[in-house]
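**Student:** Sequence:
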Amino acid sequence: MKVLVAVKRVVDHAVKVRIQPATKRVQTTNVKMAMNPFCEIAMEEAIRLKEKKCVDEIIAVSVGMKTCQEQLRYCMALGADRGILVESKMPMDTDLPPLTVAKALQSVVSTEQPDLVLLGKQSIDGDNGQTGAMLAGLLDWAQASCVSSLQFDKASSSIQVEEDVENGSRTLQVPLPAVVTTDLRLNTPRYPKLPDIVKAKKKPLKVISLESLLKEKEAFESLLKEKEAFEVVKLEEPERKKKGVICKDVDELLSKLHEKGVL
1 MKVLVAVKRV VDHAVKVRIQ PATKRVQTTN VKMAMNPFCE IAMEEAIRLK EKKCVDEIIA
61 VSVGMKTCQE QLRYCMALGA DRGILVESKM PMDTDLPPLT VAKALQSVVS TEQPDLVLLG
121 KQSIDGDNGQ TGAMLAGLLD WAQASCVSSL QFDKASSSIQ VEEDVENGSR TLQVPLPAVV
181 TTDLRLNTPR YPKLPDIVKA KKKPLKVISL ESLLKEKEAF ESLLKEKEAF EVVKLEEPER
241 KKKGVICKDV DELLSKLHEK GVL
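All residue numbers for the sequence shown refer to my numbering, where the first residue is 1 and numbers rise by one.
FYI, nobody ran anything at the bench for these hints, they're computed from the structure.
Just so you know, even glycine gets a beta-carbon here, dropped at the ideal spot from N, CA and C.
Worth double-checking, as some hints may not be accurate.
No farther apart than 27 Å at their CA atoms in a straight line, the calculated lysine-lysine pairs in the DSSO-like style are these [stated by the list, open to error]:
hint	residue 1	residue 2
1	2	50
2	66	203
3	66	260
4	206	53
5	32	199
6	202	52
7	193	52
8	241	256
9	50	241
10	32	201
11	154	32
12	260	241
13	201	50
14	66	32
15	206	32
16	260	50
17	201	2
18	202	2
19	50	243
20	53	201
21	16	66
22	260	32
23	206	89
24	53	243
25	202	32
26	154	52
27	201	89
28	2	52
29	50	234
30	32	234
31	16	243
32	234	89
33	260	242
34	202	89
35	66	199
36	32	16
37	53	154
The calculated label-pair distances, taken between Cβ atoms and stated as ranges, are [to be verified]:
hint	residue 1	residue 2	range
38	128	57	22 to 32 Å
39	247	190	40 to 50 Å
40	262	157	58 to 68 Å
Start from the sequences and build out the full structure, keeping to the hints where you can.
**Tutor:** Structural data, given as structure tokens:
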């Protein structure tokens, strides 16, 4: 079985982001970047399936700037066999819409013919949570979203997943090929070992331009129109949290609530 894992480069989750008022965007210059945490979980699950002898090959793919090669090398240090970068020539301060990314991944999937595509359920920057569902729709494949458990059934060529829903979870038997988006509860990602980081530098990493991937000029122009359809009206940092007050007893709590006009 061949598994394709889509990963995204984002600002490291530990970084306190800053807003650029002029561009209405998050400052990314000289900021530590990392792989999206949900994508790390997708990669970890692919590696675990390979360790169970369920998977023969893992391909890591990313759609974005040239700098995304760093995250693809990280994936190969973890255990991916090779990487594919669909390189975007758009300005560095431009985010590709989910549908654009889904169409690019669709083209890669058509070429590679994987049995399973794993993605994080969302990215921690845009928080759109749309790419996986859009990709499944474009491919006309089965899909499972927000998966917190995954088991491969070789006999039926399917996967059994536990999918998180609004009021709990549900268990589904999903036929392959399929697109699966991963939840934080699925696993705990590992860290790469130093020898594997060195070996990853020698693993194959193919770079394809987004323009050449979508050979027809009209197709690429349609992606640009999708970008123009999104407009950031306002972007601001959240309000600072006010310092909390610890009340020593119920009487003091009631007094404070009266002062604030709550009671």
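**Student:** Each hint needs a verdict: does it hold in this structure or not?
**Tutor:** Hint by hint, here is what the structure shows:
Of the supplied pair hints, the one linking residue 2 and residue 50 holds, its CA atoms being roughly 10 Å apart against a limit of 27 Å. This hinted pair checks out: residue 66 and residue 203 have alpha carbons roughly 17 Å apart, not beyond 27 Å. Between residue 66 and residue 260 the CA atoms are separated by roughly 53 Å; this puts the pair beyond 27 Å, and the hint is violated. Taking the CA atoms of residue 206 and residue 53, the gap is about 25 Å. The hint holds against a cut of 27 Å.
Between residue 32 and residue 199, the direct Cα distance comes to roughly 24 Å. Compliance with the 27 Å bound is thereby established for this hinted pair. As the CA atoms of residue 202 and residue 52 are separated by approximately 25 Å, the hinted pair is consistent with the 27 Å bound. Between the alpha carbons of residue 193 and residue 52 the distance comes to roughly 20 Å, so the proposed pair stays at or under 27 Å and holds. Note on residue 241 and residue 256: the hinted pairing holds, with a Cα-Cα distance of about 18 Å set against a maximum of 27 Å.
Taking the CA atoms of residue 50 and residue 241, the gap is near 45 Å; set against the 27 Å cutoff, the hint is violated. Between residue 32 and residue 201 the alpha-carbon distance is near 21 Å, which keeps this suggested pair within the 27 Å criterion. Between the alpha carbons of residue 154 and residue 32 the distance comes to roughly 41 Å, so the proposed pair goes past 27 Å and is violated. Only pairs whose Cα atoms come within 27 Å are accepted, and residue 260 paired with residue 241 is accepted, the gap being roughly 17 Å.
Of the pairs offered as hints, the one joining residue 201 and residue 50 holds, with about 21 Å between alpha carbons and a cut-off of 27 Å not exceeded. A hinted pair counts as satisfied when its Cα atoms are at most 27 Å apart, and residue 66 with residue 32 qualifies at roughly 16 Å. With a C-alpha separation of about 24 Å, the suggested pairing of residue 206 with residue 32 holds against the 27 Å cut-off. Distance hint between residue 260 and residue 50 is unfulfilled; the C-alpha atoms sit about 58 Å from each other, more than 27 Å.
For the hint linking residue 201 to residue 2, the alpha-carbon distance of about 22 Å falls within 27 Å, and the restraint holds. With a CA separation close to 21 Å, the supplied pair residue 202 and residue 2 stays within the 27 Å bound. Taken as a hint, the residue 50 and residue 243 pair is broken in the structure, with Cα atoms around 49 Å apart against an allowance of 27 Å. Pair hint residue 53 plus residue 201 holds up; C-alpha atoms about 25 Å apart against a cutoff of 27 Å.
Taking the CA atoms of residue 16 and residue 66, the gap is about 24 Å. The hint holds against a cut of 27 Å. Simply put, residue 260 and residue 32 have alpha-carbon atoms about 42 Å apart, too far for the 27 Å limit, and the pair is violated. This hinted pair checks out: residue 206 and residue 89 have alpha carbons roughly 16 Å apart, not beyond 27 Å. As the CA atoms of residue 53 and residue 243 are separated by approximately 53 Å, the hinted pair breaks the 27 Å bound.
Using a Cα cut-off of 27 Å, the hinted pair residue 202 and residue 32 holds, with the two alpha carbons roughly 24 Å apart. Annotation: proposed proximity of residue 154 to residue 52 holds, straight-line Cα distance about 12 Å (limit 27 Å). Note on residue 201 and residue 89: the hinted pairing holds, with a Cα-Cα distance of about 24 Å set against a maximum of 27 Å. The suggested pairing of residue 2 with residue 52 holds, with an alpha-carbon distance near 14 Å, which does not exceed 27 Å.
Distance check on the hinted pair: residue 50 and residue 234 sit about 44 Å apart at the alpha-carbon level, beyond 27 Å; violated. A hinted pair counts as satisfied when its Cα atoms are at most 27 Å apart, and residue 32 with residue 234 qualifies at roughly 24 Å. Distance hint between residue 16 and residue 243 is fulfilled; the C-alpha atoms sit about 19 Å from each other, no more than 27 Å. At roughly 25 Å between alpha-carbon atoms, residue 234 and residue 89 fall within 27 Å of each other, so this suggested pair holds.
For the hint linking residue 260 to residue 242, the alpha-carbon distance of about 14 Å falls within 27 Å, and the restraint holds. Straight-line distance between C-alpha atoms of residue 202 and residue 89 comes to about 25 Å, which keeps the hinted pair within the 27 Å bound. Simply put, residue 66 and residue 199 have alpha-carbon atoms about 21 Å apart, close enough for the 27 Å limit, and the pair holds. Of the pairs offered as hints, the one joining residue 32 and residue 16 holds, with about 10 Å between alpha carbons and a cut-off of 27 Å not exceeded.
Distance check on the hinted pair: residue 53 and residue 154 sit about 11 Å apart at the alpha-carbon level, within 27 Å; holds. Between residue 128 and residue 57 the Cβ separation comes to about 29 Å, which falls inside the hinted range of 22 to 32 Å. Restraint check, residue 247 to residue 190: a C-beta distance of roughly 44 Å satisfies the suggested window 40 to 50 Å. For residue 262 paired with residue 157, a C-beta distance near 59 Å keeps the hint of 58 to 68 Å intact.
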